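Novice: Listed here are the chains, written in short residue letters.
Protein chains: 2
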Amino acid sequence: MVLVLSPVISFKPTHRTKGRCYVTAKPLHFPSRYTGPTVADVGERAVTLAIQRMAPSSRNGDDAAVLATPAPNTRTVVSTDVLVEGRHFSLDWSSAEEVGRKAIVQNFADIEAMGARPIAALLGLTMPGHTPLNFVQRLIAGMWDKTLQHNSELVGGDLARADTLIVSITAIGILGGSSPALTLDRARAGQRLVASGPIGYSAAGLALLRHYGRASVPAGFAPLIDAHCAPTLIPGRGVIARATGATAMTDNSDGLIVDLTTMARRSNVRIDLDSAAITPDSLLRKAGDHLGIDPWSWVLTGGEDHTLLATTTSDAPSGFRTIGRVHRTHAAAHVTIDGCHPTYTAGWESF
Amino acid sequence: MVLVLSPVISFKPTHRTKGRCYVTAKPLHFPSRYTGPTVADVGERAVTLAIQRMAPSSRNGDDAAVLATPAPNTRTVVSTDVLVEGRHFSLDWSSAEEVGRKAIVQNFADIEAMGARPIAALLGLTMPGHTPLNFVQRLIAGMWDKTLQHNSELVGGDLARADTLIVSITAIGILGGSSPALTLDRARAGQRLVASGPIGYSAAGLALLRHYGRASVPAGFAPLIDAHCAPTLIPGRGVIARATGATAMTDNSDGLIVDLTTMARRSNVRIDLDSAAITPDSLLRKAGDHLGIDPWSWVLTGGEDHTLLATTTSDAPSGFRTIGRVHRTHAAAHVTIDGCHPTYTAGWESF
Chain A
18 MVLVLSPVIS FKPTHRTKGR CYVTAKPLHF PSRYTGPTVA DVGERAVTLA
68 IQRMAPSSRN GDDAAVLATP APNTRTVVST DVLVEGRHFS LDWSSAEEVG
118 RKAIVQNFAD IEAMGARPIA ALLGLTMPGH TPLNFVQRLI AGMWDKTLQH
168 NSELVGGDLA RADTLIVSIT AIGILGGSSP ALTLDRARAG QRLVASGPIG
218 YSAAGLALLR HYGRASVPAG FAPLIDAHCA PTLIPGRGVI ARATGATAMT
268 DNSDGLIVDL TTMARRSNVR IDLDSAAITP DSLLRKAGDH LGIDPWSWVL
318 TGGEDHTLLA TTTSDAPSGF RTIGRVHRTH AAAHVTIDGC HPTYTAGWES
368 F
Chain B
18 MVLVLSPVIS FKPTHRTKGR CYVTAKPLHF PSRYTGPTVA DVGERAVTLA
68 IQRMAPSSRN GDDAAVLATP APNTRTVVST DVLVEGRHFS LDWSSAEEVG
118 RKAIVQNFAD IEAMGARPIA ALLGLTMPGH TPLNFVQRLI AGMWDKTLQH
168 NSELVGGDLA RADTLIVSIT AIGILGGSSP ALTLDRARAG QRLVASGPIG
218 YSAAGLALLR HYGRASVPAG FAPLIDAHCA PTLIPGRGVI ARATGATAMT
268 DNSDGLIVDL TTMARRSNVR IDLDSAAITP DSLLRKAGDH LGIDPWSWVL
318 TGGEDHTLLA TTTSDAPSGF RTIGRVHRTH AAAHVTIDGC HPTYTAGWES
368 F
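So the protein lines, in turn, are chains A and B. Residue 368, in this note's numbering, is where the first sequence stops; the numbers in between run on with no holes. Residue 368, in this note's numbering, is where the second sequence stops; the numbers in between run on with no holes.
What the hints contain is simulated information worked out from the structure, not anything from laboratory work. Predicted model, so just to flag it, every value in this text is computed and none were measured. Possibly wrong hints are sitting among the right ones.
Computed spacing ranges between beta-carbons, pair by pair [said to hold, decoys possible]:
#: 1; chain 1: A; residue 1: A158; chain 2: B; residue 2: P89; range: 47 to 53 Å
#: 2; chain 1: B; residue 1: R227; chain 2: A; residue 2: P252; range: 32 to 38 Å
#: 3; chain 1: A; residue 1: T346; chain 2: B; residue 2: L165; range: 35 to 41 Å
#: 4; chain 1: A; residue 1: A232; chain 2: B; residue 2: P89; range: 37 to 43 Å
#: 5; chain 1: A; residue 1: A348; chain 2: B; residue 2: P54; range: 30 to 36 Å
#: 6; chain 1: B; residue 1: A294; chain 2: A; residue 2: I251; range: 53 to 59 Å
Reference excerpt, derived from the structure (chain B facing chain A, CB under 8 Å, subset only) [what the hints assert, rightly or not]:
#: 7; residue: L192
#: 8; residue: G230
#: 9; residue: V234
#: 10; residue: P235
#: 11; residue: P297
#: 12; residue: L300
Glycine included, every Cβ here is placed at the ideal spot set by N, Cα and C.
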């Protein structure tokens, strides 16, 4: 039987501007808590075995991983994200566990954003020969932690040596039932825009980390630091939203205005944010005061919160709050705040 | 409905020794035929659009790609492989198209080696800012070419900037029917070992390229050069082998002895190669004479041919030839040639 794939491509066109780019010294320096033998010392086989011990499995090491027979009337959903040390994360302030957790959350958010449930992850890991083995073990421990939380599993991967530490994750999810996925082109005038999770916290956390360094961030900002170094994704939020009437969804990865602009353009609608619903809370304002930065810039351009953003005709689904409305489009402006052009519109740019 | 994933992990334990490792100068130099604006010049959005034009699709740019509803009684098979410039390929002799084709073949071989059919690929691409856009276009053209040949498709990806050019592919396949996948642990005493494709050609090609450079390789060695720079995988060979009684399968990626040793150990059998069936042909012998290298070393340790190696109780499936027998194991020796210990046993080591 020949299955014909529906022609789908998910390279994400974005409208990013140069923003977040860490600068790291070369060669990559691992903090002193990562000690002991390096991957070059122990060799690939030992690294592989260590990974299998950290993410145990009864069936391992084959050419490919065979997933379980899917329930009838389900479709597979796939997405991939590459995290480069010095650009998407920094060992200057993130622990190995946090990098592992973030890599999984970031990818699973893309699966949830389709209204699907993550079931598996694959890891492509490139690293320098001097990478301590216990760094790899802690990285995998963080991934294992998050995959477990999603009733999911690390089902395979590949290791390679390179000067740069790069964590590539492919997430695989299951979309149940025959109703459409929550694609970017299904926002409709009259719907409400709902969100599940913080907006702007990750960017504020990064700004604090860059200014103070991890050890010196003033007390009380832990929620912002955590939002950046180990963002949270509550399992099933995307599935619940789809089950209760959401039609379009994405996650706040590149910046609120950027991500909503993509949705609005794709759906040919205008999305109007309610300023009262996204106004910086006391914690963001306090961080802004500390750094002399307008916290609205974090809310509107920060991204990386991986907060789910959906449009729905129904009430806000469980765990979501209303932050705006979808309107017919009248002009070039696709995203507005209280009907006006946003003050900040930038976002992430890879090159 | 909650689907429980069968616990599978496919990090591939190998017994590799340091062997093939290209050395490249930094920063990465692109041959002069890759000209025009760089990815840093045009920005991520333009690169993304260029990729979508090279691998066209009617539905693009969402958070994740939704695959077609699978046929009843099928399972999804997934695998990932990372190709690092300077280690797994070199722009000194491979064109962008060849790198793209090789990346797909190498990953699809892992899917075929389970007896499954590749249906989709995801690309994680990291590259320096000075990468010419037309290099990316040619890379994608090579991938498109190969995915099309397999009735498959490039369904998504992610781009990031890094000093190293790294091509990460995740391949997704469909395993039809309820019979088991062709795992490494299902070789049985009494079976024949069969192979589809050349053995040792890729390693011989690499040796010629390193010695002469692409432009100066003596005439007549094109099949060896092609085997290295753009290996071939005939679509459906793995599916055919599974349908006609093969039980275990892998591909010759790390070296014949290494890959068969993994299978033999996992199945607790001895695999005895028939020297007459794998003896270097006239082309390999000629290359060996040119370089003063024993061509048997290419056959036994070369790898990267991505030739499918299967065990079956039936006759050799269409497109396969018999190259050995599976026996009960009596001692530590798991792979023998005419009953004797192989002369060469090394293989690929990542670190």
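Novice: I'd like to know which numbered hints this structure contradicts. Please list them from smallest to largest.
Specialist: 1, 2, 4, 8, 9, 10, 11, 12
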